[in-house]
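J.: Listed below, chain by chain, are the residues.
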Amino acid sequence: MTRALYSAASGMKAQETNIDNIANNLANANTVGYKMRRAQFQDLMYQSVLQPGTASGQQTIVPAGLQLGLGTRATSNEIVFTQGAFTQTGNPLDLVIQGNGFFQVQQPTGNLAYTRAGEFQLDKNGNIVDANGNPIQPQITIPPDAQAITIASDGTVSYTLPNQIAAQQAGQIQLANFQNPAGLNSLGNGLYLPTDASGDPTVGVPGSAEGMGTLLQGYTEQSNVSIVDEFINLIQAQRSYEANSKVVSAANDMYQQVNNLQR
Amino acid sequence: MDPLTAIAASGLRARMESLDLMANNAANSSTNGYKADREFYSLYVAPEAQEAGSSSTMPLIESPWTDLTQGTLRTTGNPLDVALSGKGFFSVDGPAGTLYTRNGNFRLDSAGKLVTADGYPVRGASGAMTLKASLPIDIASDGSIQQGGQTVGQLSVADFPGAVGLLKQGSNYFRAVDPDLTPAAATGASVEQGKLEDSNAGSAQAAISVVGIMRQFEMLQKAAQIGNDMGKQAIEQVARVGS
Chain A
1 MTRALYSAAS
11 GMKAQETNID
21 NIANNLANAN
31 TVGYKMRRAQ
41 FQDLMYQSVL
51 QPGTASGQQT
61 IVPAGLQLGL
71 GTRATSNEIV
81 FTQGAFTQTG
91 NPLDLVIQGN
101 GFFQVQQPTG
111 NLAYTRAGEF
121 QLDKNGNIVD
131 ANGNPIQPQI
141 TIPPDAQAIT
151 IASDGTVSYT
161 LPNQIAAQQA
171 GQIQLANFQN
181 PAGLNSLGNG
191 LYLPTDASGD
201 PTVGVPGSAE
211 GMGTLLQGYT
221 EQSNVSIVDE
231 FINLIQAQRS
241 YEANSKVVSA
251 ANDMYQQVNN
261 LQR
Chain B
1001 MDPLTAIAAS
1011 GLRARMESLD
1021 LMANNAANSS
1031 TNGYKADREF
1041 YSLYVAPEAQ
1051 EAGSSSTMPL
1061 IESPWTDLTQ
1071 GTLRTTGNPL
1081 DVALSGKGFF
1091 SVDGPAGTLY
1101 TRNGNFRLDS
1111 AGKLVTADGY
1121 PVRGASGAMT
1131 LKASLPIDIA
1141 SDGSIQQGGQ
1151 TVGQLSVADF
1161 PGAVGLLKQG
1171 SNYFRAVDPD
1181 LTPAAATGAS
1191 VEQGKLEDSN
1201 AGSAQAAISV
1211 VGIMRQFEML
1221 QKAAQIGNDM
1231 GKQAIEQVAR
1241 VGS
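Just so you know, the sequences run in chain order A and B. Be aware that the first sequence starts at 1, since it is given in the numbering used here, and climbs by one per residue. Be aware that the second sequence starts at 1001, since it is given in the numbering used here, and climbs by one per residue.
What the hints contain is simulated information worked out from the structure, not anything from laboratory work. Where is the CB? At the ideal position from N, CA and C, for every residue including glycine.
Under the rule of at most 27 Å between Cα atoms (straight-line distance), these lysine-lysine pairs were calculated in the DSSO-like manner:
(1) B:1222 / A:246
(2) A:13 / B:1195
(3) B:1113 / B:1132
(4) B:1087 / B:1113
(5) A:246 / A:13
(6) B:1132 / B:1195
Not the full set, but computed from the structure, chain A residues with beta-carbon under 8 Å of chain B:
(7) 4
(8) 14
(9) 41
(10) 44
Simulated DEER-style distance windows between Cβ atoms:
(11) A:196 / B:1096: 15 to 25 Å
(12) A:161 / B:1073: 52 to 62 Å
(13) B:1096 / A:108: 39 to 49 Å
(14) A:256 / B:1231: 15 to 25 Å
(15) B:1096 / A:256: 38 to 48 Å
(16) A:167 / B:1149: 35 to 45 Å
(17) A:91 / B:1140: 40 to 50 Å
(18) A:27 / B:1069: 34 to 44 Å
(19) B:1146 / A:231: 31 to 41 Å
(20) A:172 / B:1181: 51 to 61 Å
(21) A:20 / B:1067: 27 to 37 Å
(22) A:89 / B:1212: 51 to 61 Å
(23) A:162 / B:1073: 55 to 65 Å
Using the sequences and the hints given, assemble the complete structure.
T.: Below, the structure is given as structure tokens:
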């Protein structure tokens, strides 16, 4: 019966992880470019009390055996990269990727990081930087007297100068994509780093043949957290936690009765 | 020991084992594709007792069976989440032979191969399948995977008649008891993309069966105690010589 105690405890621990994950999703429900995480569980190994297929007599074999499971564990909370909803902001440097892909930004360490949060701004030198001040790669610079900044769906950044009719091109935004985006490492601040699980990035211009998404100017991508779904998950997690704690107290009561057998 | 106490004791033991089974079901009420274990009791009658007409029948968990009823399908929207509606299992190339699972929480590895959450390749009709993450993935209800208008593979869905000979391996996998057994292709299952199958062990059901197990345990404990008291009285009172 100690198995029951530990199985139930593993269930309670798994539900704690589940609720931690739900809390983080809910806390980031309004974070631009946030991608929800979903906790996954697996059953643990089984203890074979009676092996199926063994002989139960001269002529007969045990048809199913007795296997007692030893509980559950949280295995992963993978990132779910479904598209979030778009909000119109009117800011010319707010970008949404419609489809697959990540913006590439350079961290202060010099390494590249990848993000879906397309809230870009200009720094004092006119470079396009993300909300953390990391410059977009390849670097794009807008002169201070630029008038209207236009970013086309293929990532071409252009602007007009005062008293000029022809638009000037400042560069083209490139996107990176991964074979397995769910295997990216979350850095926080909306940034991701590649890992062995995600594979190396393939870089291309938006809308290119590699299946990159296209850009949409003047919008931001909301998080893909569904508050309704998270609350339903929360109710389920709480009920499951409760049921597991009931099992713990049942096992405890049964032990007590065993101890009372001898009066 | 007198038969009453012995039977009650074996009943107590059996109820403890059922709590173990139930605890595992309750712990896995959030595990995708988990199938609940249920027990089936049989009466053990000793060969010597069979002729004597004795009431010494002890309950034994003879065969806990895995309840393969369909779990609820939950929409996730993730194109690589697939659920089975109906009988069958996805076949997976495990490290030591073929494994079977109902947990269709698949992903692509860094080389684009379709794998399970543990990284085991998912078996298609012709071996492992390699997909392109850059193109949309469409999985039809017969398990065929299409990308860019071309069929790139087909999930193989295996079926075991009556689900006999399947052992739980842990981590949501089942394995065949007899490794040479080749399952038939499933006929009644349809593959649903963007959905996952919930565990079929509900926490409400677990809470109810806990109450049942506890009450039965209490009853058996009382029976054991009565047996004990009777033995005690037989020793202490019957042997007393009246004065």
